[in-house]
Each structure stands twice: as C-alpha cells, then as structure tokens.
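Next come the chains, spelled out residue by residue.
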Amino acid sequence: MAADSNSTLSGPGERTGWLKIVDHISTTCGWVSAAMIVVSVFITCQMIFVRFVLNESTIWQTEAVTFLMVAATLLGLPYVQKLRGHVNVDLIPLMLKPGARKALALFTLSVSIIIVALMLVYGFEFWHTAWSRNWKSDTVWGVRLWIPYLAMPVGFGLLLLQLVADLAAVITGLDKPFNINKESR
Amino acid sequence: MDPLSLGLILAVVTVLVLFSGVSVAVGLLIVSAGFLLIFDGARSLQLLPEIFFGKLDNFALLSIPMFIIMGASIASTRAGADLYEALDRWLTRVPGGLVISNLGACALFAAMSGSSPATCAAIGKMGIPEMRKRGYPDGVATGSIAAGGTLGILIPPSVTMIVYGIATETSIGRLFLAGVIPGLLLVSLFMLWALYDTWRSGSADALSGRSFSWKERFEILPRVLPFIAIILGVLYAMYGGLATPSETAAIGALLCLLVAIIIYKLWSPKLLWDVLRDSTRESVMILFIIAAAGVFSYMLSSLFITQSIAAWIGTLDVNPWVLMFAINIFLLVAGFFLPPVAVILMAAPILLPIVISAGFDPYWFAVILTINMEIGLITPPVGLNLYVINGIAPEISLRTILVGSLPFVACMVIAILLLCLFPDLATWLPNYVMGEAV
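If you read the protein sequences in the order shown, they are chains A and B.
The numbering used here puts the first residue of the first sequence at -12, with every later residue one more than the last.
The numbering used here puts the first residue of the second sequence at 345, with every later residue one more than the last.
If you are wondering where the hints come from, they were derived from the structure by calculation, not from laboratory data.
Using N, Cα and C, we set each Cβ at its ideal position, and we do this for glycine too.
A few of these clues could be false.
[Unchecked claim] In silico DMTMM-like pairs for lysine to aspartate or glutamate, Cα to Cα no more than 25 Å straight-line:
1. A:Lys7 - B:Asp618
2. B:Lys609 - B:Asp541
3. B:Lys477 - B:Asp541
4. B:Lys614 - A:Glu1
5. B:Lys469 - B:Asp661
6. B:Lys469 - B:Asp541
7. B:Lys609 - B:Glu563
8. B:Lys477 - B:Asp661
9. A:Lys163 - A:Asp10
10. B:Lys614 - A:Glu50
11. A:Lys123 - A:Glu50
12. A:Lys123 - B:Glu394
13. A:Lys89 - A:Asp10
14. A:Lys123 - B:Asp401
15. B:Lys477 - B:Glu560
[Said to hold, decoys possible] These stretches of chain B come out as covered by chain A in the derived footprint (C-beta under 8 Å, 3 or more residues):
16. 371 to 383
17. 406 to 417
18. 425 to 436
19. 588 to 597
20. 624 to 632
21. 682 to 692
22. 701 to 708
With the rest of the complex left out, here is chain A:
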C-alpha cells in the first residue's frame, strides 16, 4: 500500500567482513520478528478458541500478543533497514548530481544515527528503571515490565548497528547513495 517512490531502487551490493556480520545479525532479527508475528497469530486464535468454544476467560493472551507485536516491530527495525524497506521520499536525492547526492546520503545517515543512538540511550534508561524497580504490569497476569521493555534498547541498538554499517558502505562506495542506480536527471 505504501512505498518507495520508484523502481530505481535496488538491494545493497555484496558485503564482506564486519558488514556481512551485521547483515547476518539483521537478517536473524527479521526471522525472529516474523516468528513473533506468526506466534501472535496462533496465540490469538487460541484465545478466541478458549473464549468462544470453551467459554472460559483469558488471562495472558491479549497482553502477550501486544508485547509480541511491540517486540516484533522493534527487532524488525534493523532487518527492514537492511532491506531498505523504511519508506522515504527520494525526490530531492534523485534530482541531485552524484557528488551532492552522496553528501546528502552521508548527512541523512549521520543524523539518523544520532537520533537512533539517542533512542538507544534513553531506551536503555527506560528499561533499566523498570528492571531496577521491578515494575509489573497492572493486569492479572502482572508481567515483569523489563521483559517487554528490553525490546527498546535491543531494537534501537541493532538498528544503530545496521545504520553504521550502511554509512560505512556508502563511504567506501559499496552502496550507491540512497541506492539510486541511475545518474542524475
């Protein structure tokens, strides 16, 4: 339904060394994220079965599925970044000459890295508070909140790693800036 603006995008080039390791980590995150979504499908179906067929009340399912979705989103971030799946508007990059386009790509990636690092630092604090004070959710299930909150620092930390790898790939010329293949118009 939504999407990148055109067909000039392509996947990243062949990577080696630590860039490859980062790619593997991000892909693994994608698997975990997809698995969490699938598990949510089954838990939700089980919940409906318990409620409508067995006529019993459900305790943990809604909350578990919600937290699984949060975790799937956060852990999916580095993977979707690796696939270049985070939608952007690349009109201005397309209009620029290759040199200026590269400069802009380096700039936007650097600013992205700063904001993601900020989310990582404050996300860690957010998690650490819940952990050190042993916060629990105010539901019957009463899950210890540091568990779902852990997805914040982990997700943003891995996204940071992928972004740094992408920045390195653009600097070394391994990736085309904004993955735009053609020359400027």
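Since chain A is already given, all that's left is putting chain B on it; use the hints.
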C-alpha cells in the same frame, strides 16, 4: 515564540527533513526530538522511549500485520489471475466486458490484498496484454488498472482505514463500512469512463465480448471462492460482534495462509518465507511510522501547536466548505509526495478536531481523505502504481500510462464532490448496520 509561528516553522522543517531522503519514521523522530530539545529542554527527550513504546502497546495494532499477512498470502498465489479470468468468463455478454472484468477484478483483488502495487501487478500482467490484444486503447488498458489498484485502500478490509482508526480513535468496523459504497461508486465511475473512452476512440469493436461455455464458467469458481469466502467471513465475524477486528484478522490470516498452502500449493518453505518476509517488512515499516508519528504528535501537543492551530481556525470564521476545500488541497498535495500511511498519521490528529468542530462526520472525512490518498498513488512524482505498470508493460510509455490515468483522477475528484453533496454515501451504511455513532 507563539505556538502558531512555531507551527509554521515546524511545517517547513518537517517538509525539508522528509524530502531529504531520510526514512519517514526516522525523519519524524528527528523533527520531534529537535523541536523538543530546542523549545522544551533536554529533559523532555527522556520521555521519548516511553511515548514510543506506549504507542505500540496497543492490542488494536495487531490487526495491521494480520491483514497484511492475509493480503500477502493472497498476492503470492495465482488468485489475481483466476479472479480476472472468472469475471471475464462470466461477463461476456456485457458490452466492454473485458475492461469491466479488469476493473471488477482490481476492486475485488485490491480489497482482498489491501495492496495497490500488488493489485496492479497481479491483474495488470494478465489484463493489460489481453485488453490491448482485443483492441482497447493503451491509455484505457493501463489507466484502468492503475486506477483500479488504488481501490485497495478504500474498499474493506483496508490497512489505511485501520491506521486512520488507530490515529483518530474511531471505530475500525465503522470505517470499513463507510468505505463500501464510495468504493462501489468509484468502480462504477471508472467503468463508465473506460467504456466511454473506448467507444470515443473508435475502438468500439473491442467492446464486444468473447463467449465461454458454462463448463468453462463453472470450473474456475472453486479457485476464486475460498479467498472471497474468508474475507466475507472475517467481515461477518467482525460485524456480528463475535470478535474484535484484531482477533478476526488473526483467524483470517491463518485461513488465508492455509488456503494458499492447500489450494494454491504454496508448499515450499522458501515461498512461505517470502510471504512472511514481505508481511514482516510491510508491518514493521508501518508500525515504526505509527510509533514515530505518536512521538511527533506528542511533540505537537506539548508545544501547544495542535491546540493553537485548532483555536486559530476556530477564530477565522470561515465557511466550513471553504475549510474543507483547503483541507482537500492540502491532503492532495501531501498525497503527491508521501505514502498514505504517513499522511494519515501526521495529518489526522491535527485535522480531525478541526473537521469535527466544523460539523463534519469523522467517518465521512476518512473516506474523503482516503480518496485523496488514492489520487496520490496514480499521480507523479511518487505515483507508485504508474511505475508498477511501467514495469509490467514496458512497451507502453510512462507518458501514455500517466495520460491514461488522468481521467480516472477526474473520476476520483467527481467522487469527492458527490460525497460532499451527498455525505450519506459514506455515512448511511455504517449507521444502518451499527446504529448512529455517538
């Protein structure tokens, strides 16, 4: 600085940041953090993770990946081609049956898959060559598919509507119903134009059909009915009050995957992984924007920008329809550049209070907003559907595709005007099924 001037600066900065090529979600976080840091101090940044997490901590969001899995599993099969063929076989006696089948297949497939580009690709691959072979003008063949594909975000179940429902805390069930009649209206307008244009261009011969035996007509049904049955079942369960949209969507996702595996023989782990990978990518992308837009709207209200804009428009004393016209222009322009989800998440929380206080219905407004977004899908510079069609029919120039799509844009504008004249087109069905909104 007063909040209104701040809002103006913010709007300019947001546009600049989003146009720099940074991803939409990260761009929203950059703008939010930047403005909070400058105008509210560094301490306010500490709250960002909590707000981000809080936006995602919502059971209703489950419906997004679930509907996306439903769509992705349908899109991974031959269902699109089958649907198109079934309609073609059944509509032979209708003049212009082929283009009508194509548009009908687009509407049905768009509804089932919820994805515009997937619809254009699935129906267009079969439909465009066939229409050209039978003498339809290139512009009609490509324009009808491009426009037909956009229906996915209006006809239920629609992920765009779910996002609107979450952003504005309106009923998703009601939003789905509000899209039904306007969706049918749009399909009818598209069909009328396609028939007229074909006739006008002197290709009237193309309008006569080809005949099929009853055997041919019936043998294709088992291949198309399962998915349609699942979608109808999901919608029925939702309106029957059996379960929430998230819950029914989860069952729908499971059933669609099973049908894809059993009927369409999607056995191989690789194909299944493709479906899951695409669903995960799309879901994560949307959910990231939802969370980032949540942070963005927190920033807007903690700097009193949202409130000031609403109060300022209240003092303007403009005619509500002038206001609605201005809002439409704004949405149209935003839709030219940004994906529907991003526009809805950024604009809806600011616009909805204004729209409601001007006396408009929030469900009616959702339909107007969505049709504006549909226009953005088939107009440059970001009109995704145009590029998809260019990809599957490279022998037709992008210019022909674009010119062919423009009359369909006009149909959408006509639909918006009709909806303004007769708001009941959007509000009657939800009120009839679910009672008046409170």
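Hint check results:
| no. | hint | result |
| --- | --- | --- |
| 1 | A:Lys7 - B:Asp618 | 21 Å, holds |
| 2 | B:Lys609 - B:Asp541 | 40 Å, violated |
| 3 | B:Lys477 - B:Asp541 | 17 Å, holds |
| 4 | B:Lys614 - A:Glu1 | 21 Å, holds |
| 5 | B:Lys469 - B:Asp661 | 51 Å, violated |
| 6 | B:Lys469 - B:Asp541 | 22 Å, holds |
| 7 | B:Lys609 - B:Glu563 | 18 Å, holds |
| 8 | B:Lys477 - B:Asp661 | 57 Å, violated |
| 9 | A:Lys163 - A:Asp10 | 17 Å, holds |
| 10 | B:Lys614 - A:Glu50 | 31 Å, violated |
| 11 | A:Lys123 - A:Glu50 | 12 Å, holds |
| 12 | A:Lys123 - B:Glu394 | 15 Å, holds |
| 13 | A:Lys89 - A:Asp10 | 22 Å, holds |
| 14 | A:Lys123 - B:Asp401 | 15 Å, holds |
| 15 | B:Lys477 - B:Glu560 | 21 Å, holds |
| 16 | 371 to 383 | holds (count 4) |
| 17 | 406 to 417 | holds (count 4) |
| 18 | 425 to 436 | violated (count 0) |
| 19 | 588 to 597 | holds (count 5) |
| 20 | 624 to 632 | holds (count 9) |
| 21 | 682 to 692 | holds (count 5) |
| 22 | 701 to 708 | violated (count 0) |
Hint violations for this structure: numbers 2, 5, 8, 10, 18 and 22, all remaining hints satisfied.
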